[in-house]
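Asks: Here is how the chains run, residue by residue.
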Amino acid sequence: MSNASVISISNVSKIYNPGQDSRVAALEDINLEIHGGEFISLIGPSGCGKSTLLRLIGDLIAPSVGTLLVNGKPAPQARRDRDYGMVFQQATLYDWRSVSKNVQLPLEVMGYSRAKRETRTAEMLKLVQLEEFGKHYPWQLSGGMQQRVAIARALAFEPSILLMDEPFGALDEMTRERMQMEVLRIWGATKTTVVFVTHSIPEAVFLSTRVVVMSARPGRLTRIIDVDLPQPRGFETREQPRFFEKITEVREALRREEVRGGATS
Amino acid sequence: MSQATATTTRRGKQLREQLRRYIPAAIVFVLALLVWEMVVTVFRIETFLLPKPSRIAAVFVQEAPIAFRASLFTMRNAVGGFLIGSVLGMLVALATARWTVISEGMMPLAIAINATPIVALAPIMNQWFGVLDPLSKMSIVAVMVFFPVMINMVRGLTLVEGNTLELMRSYAASEIEILSKVRLPNALPFLFGAFKISSTLSIIGAIVSEYFGGLGPQDALGAYISQQASDFHFTQAWVAIIVACLAGILFYGLILLVERLVMPWHVSLRATEY
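Just so you know, the protein sequences line up as chains P and A, in that order. So the mapping is simple: the working numbering equals the position in the first sequence, first residue as 1, plus 208. So the mapping is simple: the working numbering equals the position in the second sequence, first residue as 1, plus 2.
Don't take every hint at face value.
[As the list claims (entries may be wrong)] If you anchor each label on the Cβ, the simulated ranges turn out as follows:
1) P/Phe443 - A/Ile178: 44 to 54 Å
2) P/Gln228 - A/Ala117: 32 to 42 Å
3) A/Leu21 - P/Pro440: 36 to 46 Å
4) A/Leu111 - P/Ser213: 51 to 61 Å
5) P/Arg446 - A/Glu106: 49 to 59 Å
[Claimed, not checked] PhoX-like cross-link-like pairs, simulated, lysine-lysine; straight-line CA separation at most 25 Å:
6) A/Lys183 - P/Lys343
7) A/Lys183 - P/Lys309
8) A/Lys183 - P/Lys324
9) P/Lys334 - P/Lys399
10) P/Lys334 - P/Lys309
I should point out that these hints are in silico values taken from the structure, not numbers from a laboratory. Each residue gets a CB set at the ideal place from its N, CA and C atoms; glycine is no exception.
Bound-form chain A, shown alone (with noise of 0.2 Å):
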């Protein structure tokens, strides 16, 4: 019964505690839009270069709606885009951490396509795949996404301590074995970094590709960005930035939550107390 209490009041604590850690945070975003207020009003910045933050609340309000409905496309985007160039990227890592001519024969191109302008890559998607198909949005998430996920899967393949794989060998374990027991919870730690970069780039590249999706306003974000900032709507704009903001924070928690729940053993995710 005590022990319960004390079981309570601890938990109490440390959420207070977790609470506190956000106040400077908080003091500084309050601050930051109130120093943006004061210089807008007090400069006379016209609205089509810097809106007011409580112009862009207001604005808000009034825009949500149509703004998060276009945000459930640009999701989906976002998120198919994240999972074909994810699955891509960690069968190529596979492959190239298993045979080395693999990798020499892949990596120039990899880098290939990592060094394209996906602004130019966008137009070209949409030839291919039609600009109402999502597949011209997410091929242009998958090759962004591609690359990172690669590189860490085949560091997190490889880089393995030599005395882990002695040991192995000292169980004459087969190359699956090894694989399934030591390369691939090696790599997790690699892949999730890889994933969280992952998460926003896949949420600005479904935007730039859906800016030159020439579709309706109501589509997707970057449609309605773009068709907003061509009626010199920008406040408009900047509510659907926030709303990509919020969208891209929303995927990377969803990261760190599966994270959390597939390696919570991670050096990371450590407890301080257990």
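With the rest of the complex left out, here is chain P (with noise of 0.2 Å):
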């Protein structure tokens, strides 16, 4: 974790319908350094801003105020750069492409040879083992192996960041579990760095090396929370004590934010 800073967020604040009644502040002042290869958690009670934190850094949306580097660039050079892979909660994947297809969509755009586009797309399918599937259409697999088709598709084009915005929110528990092991193999295999928006406490601490935790109505960064259980992490991983503790310290956390905010309010 002593890499250099791939994402640095300052002074960063987004006003919805600035000057309207409908004005919202979603985000207030948000600081965050996040270094190559780090795997970062947003958490926090809905409408705290982090599908919007998530957002600003992929420069989907502008922030209002405050400055956003990406890789040491202005955040929408970097989206043109093609440093982000993203995978949303639905898979999102085009019905009228079959899997190796989709994988290839992104490869399409940049400009890879044919050559390229299949070689990339069987060593993405291998790697969250779908190798077989090239030829399925999405809606011949489960929800779970479509996510892992949207995670494949996110790694092609081999992205230096991968954004997740509760990619496991529409799973059953069991391929909820499977995936976060997907996800931290393929983080482990790959050295991207992952900043994942998630409600789930257990699988923020599971996934992550930091937890950030944030409050809602302005969205706040509230605590930053490190997860110092060893890597590489496994099943044995969510019966340590110390994952516990971790679990019990960002419960707290998040409640402190909610007692302080019924509190002001």
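Put the complex together from the two separate chains, hints included.
Replies: As structure tokens, this is what we get:
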């Protein structure tokens, strides 16, 4: 974790509909440094702006105030340089494309040669263990498999940063735990920096090197918790006392915010 | 070897099951004909009001060559008009989806065109293009087809999931790439929905325009119907109706076939097994 800062967020605020009655201060004065190879989870109550923060990092929306540097460049430049892979809660696969054609889509946009596209796609499907499903269509796959295709697609062009917005939120608990193992394995294999939005405390603790706790109205960073559980993590990680201590720590940080918010409003 | 036999028996089973699905429809069809025949006989309904199916069948055999020849011209008018209307509808939809200004300007006009009674339009088109020019018939069909194609295409181009567009943005994709890789494929199911409606609409449009065509009875179904009706040959008119139905079904089936080839991935076409 001694790597240089990959994402540098300073004094960033986001206000929706400024100057109108519907004005919402989604994020207020966010400062955060994320280093290369880190796995960061953003956690907080709904409306705390965690998805907004993710979208700001990915330059899907622009900040109202403040600066966002990614790999030393402004976020829009990083987006144009294809530094981001994105995964959403819904797999958002293209129905009209087979699994391998789905993985190829970003490569087509980025002008990879056909041969390069095919080798990359084969590698990616192997990485997410779906080699045999290249010719299938998305609707022929289960939810967990679809999400693995989405991850393969996001990583196909070797982005240095993977942005994941509640990627396992729509999956059942067992699939979810398997997917968490999968994403850790992929993270270990690719050395990608991951920013992961979730509302599950165990998920955040299990996956992350640091958990960023946020509060709502306006969205703020309230605490950053280092998760010093040994790497690589596996099924036994979930049974360590340290895992439960960290879960308690995150839960209390979230609850403190709730109590504080309740007292002021 | 044994696997091959298994496949053939499975295919045979599938075929039998498909045939079984048509049995209710066939029964209803035959029953309807029987009831029709009985009602006309029992109540002694005059032939010019409603001929018996058996009589229609007899006249059909005799008139079929003329009616089918006429239907060829009707099909030409319908398909020609369908193509013109569809291409125009798609072009306007593309422009509309790209520049909202065009949408705001075009919509009232498009709605007005759609609201025009084609019966009133048919004689006007005959004046514009000349009765003998097939364009006078095709233009009527085109007017009918234009609106459903345009409206559905616009919906297909614009109703794209937000996350899908965000993904394309994260790839730094250009507008053209978003159009060709996301919006157009997304529009296909909508477009085929419109084509299916339009296929039968265009047969109707062609016949209505031919009705005012003033051509000889051999030249097109609409003219044939108009001629036979004015001669009180109502059974012949019924024959023409049947032929028109067949033409409509043929056109519709053709669109279904193309749809199957173009987008085998779509929900409506998914096989239950794979």
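Asks: Decide, hint by hint, whether the structure agrees.
Replies: Results for each hint:
no.: 1; hint: P/Phe443 - A/Ile178: 44 to 54 Å; verdict: holds (48 Å)
no.: 2; hint: P/Gln228 - A/Ala117: 32 to 42 Å; verdict: holds (38 Å)
no.: 3; hint: A/Leu21 - P/Pro440: 36 to 46 Å; verdict: violated (58 Å)
no.: 4; hint: A/Leu111 - P/Ser213: 51 to 61 Å; verdict: holds (56 Å)
no.: 5; hint: P/Arg446 - A/Glu106: 49 to 59 Å; verdict: holds (57 Å)
no.: 6; hint: A/Lys183 - P/Lys343; verdict: holds (19 Å)
no.: 7; hint: A/Lys183 - P/Lys309; verdict: holds (11 Å)
no.: 8; hint: A/Lys183 - P/Lys324; verdict: holds (19 Å)
no.: 9; hint: P/Lys334 - P/Lys399; verdict: holds (17 Å)
no.: 10; hint: P/Lys334 - P/Lys309; verdict: holds (15 Å)
Hint compliance for this structure: hint 3 is the single one not met.
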